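Undergrad: Chain by chain, the residues:
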Amino acid sequence: MPSPLEGNALFRGIYCWLAANKGNALQCPPDGPAFKDGWLPLGWEWLAYTIAALAIVMLVVNAFMVLATIYTYVERRLLGRFQSRLGPNRAGPFGLLQPIADAIKLLAKEDLVPAGADRWVFNLAPVVMVVPVILVLAVLPFGRHSFVADVNIGILYVVAVTSISTLAMFMAGFSSGNRYAMFGGMRAVAQLISYEIPVVLSIVGVLLLAGSLSLVSIVEAQRIPYILLQPLGFFVFMAGSSAEMNRSPFDLVEAESEIVSGYHTEYSGMKFGVFQLAEFGAVLTTSGIMATLFLKGWEGPVLPSHLWFLIKVFLFAFLFIWVRATLPRLRLDQVMAFAWKFLLPLSLINIFITAIEVLALDTTKLANLWLMAGINMAVAVLGIAAFSRFVRLGGKPRDITIEIPMASEAR
Amino acid sequence: MPIRTEPVTVNLGPQHPSTHGVFRLRVTFDGEVVLDVEPVFGYLHRGSEKLGEERTYTQVITLTDRLDYVSAMTNNQAYVIACEKLAGIVAPERAMYLRVIAAELQRLVSHLVATGFFLNDLGAFATPLMYCFRERESVMDLFEMLCGARITVSYMRVGGVFQDAPEEFWPALNTFTTDMPHYLDEYEQLLTSNEILLTRTKGVGILTTEKALNCSVTGPVLRSTGFPWDLRKVDPYEIYDRVQFDVPVGEQGDNYDRYKVRIMEMRQSIRIIDQCVQQIHPGPVKADVPALLRPPPGDAYGRIEGPKGELGFYLVSDGGIAPYRFKIRSPSFINLTVLRDLLIGWKLADMIVTFGSIDINMGEVDR
Amino acid sequence: MYGLGILNGFLVTMKNFIKKPVTIQYPEERNPQHPRFRGEEFVWYEDRCTACASCAKYCPLGIIKIVTHPSGGKLPEGDAYAIDVFDIDIGRCMFCGLCVEACPYDALFMGSGFEESKYKRADLVIHADRLRAAEKHPSTWFRPQLEGRGYDPQSDAPVPWKEAGRESWPHHLPQRPGEPGADGADAPSSPAGH
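Protein chains in written order, with our numbering: chain A, 1 to 411; chain B, 1 to 367; chain C, 1 to 194.
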């Protein structure tokens with residue numbers, strides 16, 4: 001039974017530790033690590049398989065959760081510095097225990113369900129929100145030979161799974177029975193579906209170059225970082241994914257100054273905490289995908305591969321925080337116009353150029369890759385400049401002659 | 001054919017992150033488009049006008065601090081000008097200069113707060129707000145030096161100011177006026193030419209001069225329409241006829257112009273302060289006014305160009321120790337008149353931004 | 001060029017990111033406080049007080065309560081009345097300082113503290129006993145005789161009642177400071193900048 005987990009070093013280690021015996025020589029070859037006898041008798045490999053798989057899943061999910069809570073602290077500290085203040089620094093040394101304090105506070109809070117809410121959907125929405133973020137980790141290579149599964153359609157899986165969060169936001173917004181939440185849910189559906197398209201198209205350039213859909217192979221295929229070969233694709237992916245994560249300047253879904261808190265206005269206690277965790281976790285997973293696709297993933301000199309991956313993830317996360325600290329928000333119609341008039345054509349141009357280059361040039365030669373990088377960089381600058389000159393995002397007011405009476409008269 | 005959906009009515013406020021206090025807007029939306037707006041206010045009504053009739057002329061000064069609580073100095077100034085008109089008192093020259101310096105500092109504070117919250121409403125996550133509040137703090141420190149309080153200053157008295165500025169005020173003021181233009185440059189560099197800000201604000205919420213004049217709108221909102229009406233120029237009070245400054249005007253009266261006019265006015269305020277510091281002479285700071293002022297029967301209307309518009313106090317005296325009638329013409333309240341015309345037809349996001357650009361203060365609206 | 005405005009914004013935030021934050025960590029570090037600061041703990045010199053109750057009359061909120069009885073002293077010495085009750089309800093006080101301005105004998109001063117938090121509203125009423133016992137660190141608000149000698153309530157020693165009054169001021173004149181006729185040297189009246 002060929003399993004997507006097979007290539008995982010940690011999985012093999014645990015599995016062979018439990019179930020290495022003579023009948024199992026295929027999975028645990030004797031020339032590998034010296035596993036003489038497994039703990040489990042012959043015929044119980046299925047249990048070893050389950051235990052090994054669960055162990056890895058537990059490890060990855062928990063590591064990710066811890067990382068996400070640390071990230072909330074990092075984001076708040078950095079945001080504070082961008083705003084010329086300190087950020088949380090009271091709980092523990094340098095405020096490092098702030099995420100724990102937050103979690104305790106959220107757990108201690110009353111878990112309110114509004115009277116007008118659709119209970120089932122309302123309670124389910126945070127779960128649906130957080131699950132896709134964790135599912136993405138299944139295919140992400142964290143380091144040399146360490147990933148949960150090497151799926152050969154990895155990037156397709158990522159795209160498919162992340163789009164579930166749209167549903168969660170709509171569920172939350174719709175079931176709350178609150179009009180602000182409804183606005184948030186409607187905005188989420190409109191915005192997130194629109195931005196799926198440029199994001200997916202911007203990945204196509206990477207796929208053309210790498211010739212594979214598996215994230216593990218994409219990392220290995222990068223001889224020079226694809227951020228140099230695909231600057232336009234990177235720009236579109238960065239803008240599109242920040243829209244998908246509802247981050248500035250596309251944070252309409254939870255625009256605080258407009259619709260209070262958007263879809264999670266009515267949530268309190270740990271349900272709210274789960275939403276926050278999902279949002280901050282999404283930044284990490286997206287940064288992870290960006291590092292994998294555009295910055296050689298875990299590859300790097302001297303330092304261990306896991307550390308390189310973490311450095312790259314936090315580099316992109318820093319970029320997102322910087323953007324959040326600087327830019328104001330676009331309006332809904334402008335956000336949609338930005339997706340359809342600006343990002344979509346740019347990603348199409350990127351695909352065309354990359355396809356022609358891959359056809360015309362021999363991509364195995366390093367010199368050709370640098371030539372491609374030069375061409376693509378020029379195309380990116382020209383494309384962005386030209387489109388920003390011709391595309392107008394502004395809108396006009398709807399011409400309304402007030403036919404409905406004032407609300408006070410309607411009573 | 002556009003899809004018609006059922007209009008939905010939403011209560012924006014009185015508890016909402018961007019209604020600048022306890023303001024309530026009953027808005028009818030079609031999707032995201034504003035069909036109708038009905039402002040509801042009175043949640044912060046404290047009966048200031050009635051309270052003023054039961055207090056002596058000096059005690060009312062403490063009430064004026066709490067009208068527009070981000071610009072207490074200008075409130076004080078307008079009130080004492082009205083009182084001086086009523087009682088026929090002329091304040092000493094040095095007191096007038098001190099008042100003008102304090103009022104212009106307060107105008108800076110008010111515009112900083114307005115700009116910061118306007119950009120915050122635009123969605124720039126608290127960054128410009130924090131920067132603006134950083135400079136506001138330095139003005140607050142100056143106020144603390146001047147009068148011992150930061151927000152509710154009660155600095156001015158009928159016939160002058162209560163006390164001369166301390167020695168260390170002048171070097172601190174000098175440092176502030178030297179540094180402030182750089183900070184203003186920083187705000188402008190941060191967002192003024194930002195393309196997102198331009199698309200969000202240019203051409204949004206256009207107010208015509210005609211409409212503004214019909215609704216008796218004053219202040220930066222009126223000047224943004226291109227109409228150079230500034231009481232400091234038109235009807236100079238105190239020593240404004242001795243200082244040189246320009247009246248910045250906008251081009252078309254949209255949100256961007258209202259933002260830009262405020263930034264330009266801050267530069268003019270620094271210019272005025274610099275000139276006042278040059279011109280001020282030693283001398284008395286308070287005219288000889290009895291502690292219990294009893295103005296002759298009559299009435300007086302004192303007005304100044306406040307940070308938000310024409311701030312006027314109408315006082316009627318019956319010869320007693322307290323005003324017989326104490327009426328406030330608050331610019332925030334009157335500028336709200338145009339709200340409905342500005343908002344209808346625009347989207348929810350524009351509504352918040354336009355509302356923020358008018359720069360109201362609920363303490364002054366509800367009084 | 002298009003997009004330059006956005007890049008400029010990024011530069012500004014990065015500049016502030018590198019700079020030292022302006023936050024002051026309050027309980028550990030403090031903002032320098034000016035001597036004129038109108039603080040909470042009032043300073044009251046019973047020896048100077050004649051129990052005229054001007055402060056109570058001038059208070060816009062009427063939160064100063066004074067009860068007196070004739071003490072048999074002489075009026076010109078100012079001890080004709082003894083004070084039974086002198087309460088200031090700082091729970092309702094707005095620190096406008098009009099009471100200090102009203103005091104003709106420099107007996108009442110604004111305080112310099114601002115950390116008066118209590119669990120009960122009743123505790124916020126400052127009684128005469130507490131006012132008598134308190135360390136006298138008066139604010140220089142409306143007291144040019146203190147300001148003129150550069151008194152700083154935060155760092156300097158408490159002021160005894162004999163030194164707090166206007167008569168101890170070197171230029172003790174019938175006029176108030178700054179009025180025509182007052183000596184030019186007494187009032188802090190340097191023109192700024194020259």
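These are computed hints drawn from the structure, not numbers from a lab.
Since this is a predicted model, take the numbers as computed values, not measurements.
Backbone N, C-alpha and C fix where the C-beta goes; we use that ideal spot for every residue, glycine too.
There may be inaccurate statements among the hints.
[Claimed, not checked] Quick look at which bits of chain C chain B covers, simulated, 3 or more residues with Cβ under 8 angstroms:
(1) 91-99
(2) 113-119
(3) 140-146
Undergrad: So, for every hint listed, does it hold in this structure?
TA: Against the structure, the hints:
{"no.": "1", "hint": "91-99", "result": "holds (count 5)"}
{"no.": "2", "hint": "113-119", "result": "violated (count 0)"}
{"no.": "3", "hint": "140-146", "result": "holds (count 3)"}
Violated hint: 2 only; the structure is consistent with all others.
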